[in-house]
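Engineer: Residue strings, one per chain:
Protein chains: 2
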Amino acid sequence: MSTNADQVAINTIRALSIDQVQAANSGHPGAPMGCAPIAYTLFTKVMSFNPKQPDWINRDRFVLSNGHASALLYSILHLSGYDLSMDELKNFRQLHSLTPGHPERDLTPGVEVTTGPLGQGIANAVGLAIGSRNLAANFNQEDMELINNNVYVLCGDGCLQEGISSEASSLAGHLGLGNLIVLYDDNQITIDGSTDVSFTEDVLKRYEAYGWHTSYVEDGDNDVEGILSAIEAAKAVTDKPSLIKVNTTIGYLSSKQGTEGVHGSPLGAEEVAAVKAKMGMDPEQSFAVDDSVYTTFNEAIAANSGYDKWVESFAQFAEKYPDLAKDLQRRIDGELPEGLIDSLPRYTPEDAAVATRKTSGKALNALNDSLSELIGGSADLTGSNVTALKNGPGDFQKGNNAGNYIRFGVREHAMAAICNGLAAYGAFIPFGATFLNFIGYAQGAARLSALSHLRVIYIMTHDSIGLGEDAQTHQPIETLSSWRATPNMNVFRPADGNEVSGSYAQAVQTATTPSIIALTRQNVPNLEGSSVEAVAQGGYALNEVENPDVVLVATGSEVSLIVDAAAELGNARVVSMPCMDIFEARSDEEKRALFPDGVPVVSVEAASGVGWSAFSHKHIGMSTFGKSGPGEQLMEYFGFTVDNVVSTAKELIAAGDAPKLSLKW
Amino acid sequence: MSTNADQVAINTIRALSIDQVQAANSGHPGAPMGCAPIAYTLFTKVMSFNPKQPDWINRDRFVLSNGHASALLYSILHLSGYDLSMDELKNFRQLHSLTPGHPERDLTPGVEVTTGPLGQGIANAVGLAIGSRNLAANFNQEDMELINNNVYVLCGDGCLQEGISSEASSLAGHLGLGNLIVLYDDNQITIDGSTDVSFTEDVLKRYEAYGWHTSYVEDGDNDVEGILSAIEAAKAVTDKPSLIKVNTTIGYLSSKQGTEGVHGSPLGAEEVAAVKAKMGMDPEQSFAVDDSVYTTFNEAIAANSGYDKWVESFAQFAEKYPDLAKDLQRRIDGELPEGLIDSLPRYTPEDAAVATRKTSGKALNALNDSLSELIGGSADLTGSNVTALKNGPGDFQKGNNAGNYIRFGVREHAMAAICNGLAAYGAFIPFGATFLNFIGYAQGAARLSALSHLRVIYIMTHDSIGLGEDAQTHQPIETLSSWRATPNMNVFRPADGNEVSGSYAQAVQTATTPSIIALTRQNVPNLEGSSVEAVAQGGYALNEVENPDVVLVATGSEVSLIVDAAAELGNARVVSMPCMDIFEARSDEEKRALFPDGVPVVSVEAASGVGWSAFSHKHIGMSTFGKSGPGEQLMEYFGFTVDNVVSTAKELIAAGDAPKLSLKW
Ligand SMILES: [Ca+2]
Ligand SMILES: [Ca+2]
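Heads up: the protein sequence lines correspond to chains A and B, in order. If you use the working numbering, the first sequence corresponds to residues 52 to 716, in order. If you use the working numbering, the second sequence corresponds to residues 52 to 716, in order.
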């Protein structure tokens, strides 16, 4: 079933993995012991990659969707020759190591996506597979195939129980992503015990229903050849994604093998020694690798790599198709096309009032006209989100892999994770769209955009009670506060067309930060003093008032309201705050220049006030859920009126010197 | 296929529905026109209910999972005799009407759960079905069947695309919920166009893979008998849930029938008239109902109701089984058992330091010993969440419907929605558990707990970087801020055992508010001055200091840190804030009593600082994601040390009079 060299290598992976967990006295030994043969087969007999060029665009991608098996990944990356030393393995899960408890894509060479939260990896992989197919369709030539990589996923039953995997897998089947191969580690165990307690569905049948190719390997603990031939068969199916169910034993070879007891805690020194003895290894030694194992890996990987040949091909390609090659190289390097920002639309107060979701549609289309790396779509709300792309290659579908508009279906969570996968692929700037309230469905994945530094643009329309009759189930209240509280996520709520363009300008230029752009359903005027560039400051004054009696600050649709209130008040500064996250990062002096000590501040945002205390003395916001009714009536009912802003401001002015805000900064 | 009376009634439903949308000039006419025969069949030929007793515990439940078809629901509730007048239908989607854009359970009689966010309803229905089966198993006697209701769901393809429906349906199949019958309105249309663009899976096969009974009705536009016989066949399958795919035409009878053009906007007056003419109705009349239609509904509903007979049975039951009857009545009335709160464990500083997840386990078990309505479980983290129930009826499984511990599997989103369904069923207090960070996966459903006033208890352990090595993918940062910003959600972060008990005391007593209880993985000491009762104040002082130089405020595991810092500082007040939401609702005077004007406040919480500005001058918190490493090392690395608190406090004291905070309140 496997050669002796195979067996020694697999045992070494197992030993290294349990050594890591033992040294950390924390972690998950069971899955690495069970899955070592799968990972070994992939890395030495299947995948094309170059460990010294981990960013090579055409490498096969490996996604460890069951991220808690991180020790397995670190073992195999080390043995494969990635820049991950034995010392890092010894420092598994320790502060500042390259081997955190769950794999992080921007930290450890060879880690493609950040996993741990279950189900994310398999959905990321759908994005990676779309990315590959899309690049291939747009760049490969009849005589030259530049992009043809496959995407391999290892996942457990936890991943398959999560709804996100259902969403992503249904879409992958629909799209016929034949370059996606998932190896399902079926060990019949979850944390709570046997899968019998909660997971008894027929997984292969479910995947067949999605339109996948499926197969089964009976002895995943030992049968390298069986695993290999299942993978080869899956590779031969190019019009469907594949799911290979591999029967394994969690904690294989330990005395508690096949039980949940071996899932999430160290085996203990004695047991580690016993397992090593069973494998014919020296039980006294830890982190020991026989030279022959390195050789096994080196030789196999060199034989499969394909890297040198690809570099040659690319040079030929560049000669024959210089424009295409230049565009691809630019995208790989992460450089934006020249003039991109200038191409964004600009507005004057004379332009008609219009919903920011519509000016968003214009900005997005302006980008689309020159940004070939733009790819994305909506979770079945294309018309409402105004995300249709007018020019370009059309829908990404089975029959049109060149398309850059993705019909995600009603699948918000998968949409976000697929966008993460596209961003992680490299050479793409993905976007996803839905109503602002429903980014909540995608929280698990959008959080990972931020955490793993992926430039995903979330186009979120219908951003407040202003959406009207669809009522409280659709009216976000907590959403802006929630994402402002999330590190490395920029939340934009532009007030008008210029700020919409400015928000997109920021979003495409912050290469390691995702953005949420919150947009109105209802019309808003184009404001005097607004600008595309000012968005880069986070907050800025729309009017010039030397010594204001009061500062009014608002975002989005409420900015025009404070403009009107300021007109009534007279000596009031009007601050638009399209991105509080950016503003917060500015210096105390810059903040104080807008919000001078002693001057009262009234903030207005049709959303939760949580977070506004840092910048204002009184907030006019939402402290309850919304209601059903026409948007203007709701705005009035909940106090978003010129009268209310004016009287609140007058009260504060009358109360005298306002407490310093700047102590907070 | 249907009698003339059926046809007239169905046409009336269609007409009323399009009239509502037309009057509101907003809403969704397409689904009501296509689904009228399904709803009609259910309400007049299948379901047992009494419109004048909408809270009758054994009524069959109807869930409109595709909540955007609300006009259909309002039409049929009106015709069925619920307290929903024609004027309310005329006020569809208007401010203060009983007919909001999407159905709201606590507003409109006959609406069982709040729907609109897709996929929620079908998952709620799994909770309703579990509730029914559990009550039946615990209360029915061999000679008396008190509880035997069924749960009917109408859903569209949007619901089935959402991951939450996959999670819930897989679990429903596992649990063999034969009392759950889902009618899938297969109209081949989504908002973006044909389902061909994104949804081509084989739905029936997928549901068979989950272990469901499936069937198909070809002409859902007309074939009442076919719909009825499919439902009867499904009812006969008592060990499996059923999915009936019903082929319908969206916007049936309109000129744009069968297209996305009829999904989400009014038909227009002309088209409304044309449809009525086609149905043989007077095109000039709106909101017109022939008396014969009311009669059709009245007679059919009276024949099926079963209510009077049930009341009689219950009286007999009460005579024969007085204790059981009393307990059921108490639960239906929402009264807690006497002495419940006193049964919660209490601690003194002499008790050993222990993780709050463990004192949570003790409190939960104390409740479980006397609270027969308690039901819930964990998303496959029973051991980590410490939610195992020691006494009682065991796991809720196919073979043990009396069990009150639910093995949700790795399905956080469905878990929350199922808890919503259980709470909406009545006579249950449900709980769900996972790591705090992964309530994000359940955001869509947990938000609806708050919005629809459902007492669900979210037991969320591993609540900060203090969890250690599992690293940033598992360490919540934004979560507390996010849920504090959510209206009607109480976020508890207890500091020790007493506060844990106090949090549970609040959670079970706030009958219309869900709670999140955030708990540590790591040990914390039992504090001097903490108490079960004080949690009701939201925030309170742990020590008595008349005129403090500084106030230190913290939550959860950071409270013991400020206790130590206060000891070093001398004249410092220590405030524990186990629930900021409750504290915020207190009077200005009460707030000022804890945080006196002019006294500097330092707040400490190992999470985002967003929201703390309302109560403090300087926050020691997290402004980035976490890291991998032992919890104590992370706490130190990120500045959660006595030294840091002391020096921050000293700086503030030295800076002199602190700005008033109270302006914010
Ligand atoms: Ca942020
Ligand atoms: Ca709250």
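Calculated from the structure, these hints are not laboratory results. Heads up, some of the hints might be wrong.
Given that identical chains are not distinguished, each listed pair holds provided it fits within a single copy or across any two copies.
Simulated crosslink set (DSS-like; lysine-lysine; CA at most 30 Å straight-line) [unchecked claim]:
1) LYS441 to LYS307
2) LYS103 to LYS413
3) LYS413 to LYS329
4) LYS141 to LYS441
5) LYS96 to LYS256
6) LYS449 to LYS307
7) LYS329 to LYS711
8) LYS360 to LYS413
9) LYS409 to LYS307
10) LYS441 to LYS103
11) LYS701 to LYS711
12) LYS701 to LYS642
13) LYS103 to LYS409
14) LYS371 to LYS256
Engineer: Next step is simple, just say for each hint if it's right about the structure.
Structural biologist: Verification of the hints:
no.	hint	in the structure
1	LYS441 to LYS307	between (59 Å within a copy, 25 Å between copies)
2	LYS103 to LYS413	neither (42 Å within a copy, 53 Å between copies)
3	LYS413 to LYS329	neither (65 Å within a copy, 42 Å between copies)
4	LYS141 to LYS441	neither (54 Å within a copy, 39 Å between copies)
5	LYS96 to LYS256	within (28 Å within a copy, 35 Å between copies)
6	LYS449 to LYS307	between (46 Å within a copy, 28 Å between copies)
7	LYS329 to LYS711	neither (69 Å within a copy, 69 Å between copies)
8	LYS360 to LYS413	neither (42 Å within a copy, 63 Å between copies)
9	LYS409 to LYS307	between (60 Å within a copy, 26 Å between copies)
10	LYS441 to LYS103	neither (41 Å within a copy, 54 Å between copies)
11	LYS701 to LYS711	both (18 Å within a copy, 19 Å between copies)
12	LYS701 to LYS642	both (23 Å within a copy, 25 Å between copies)
13	LYS103 to LYS409	neither (46 Å within a copy, 47 Å between copies)
14	LYS371 to LYS256	neither (47 Å within a copy, 49 Å between copies)
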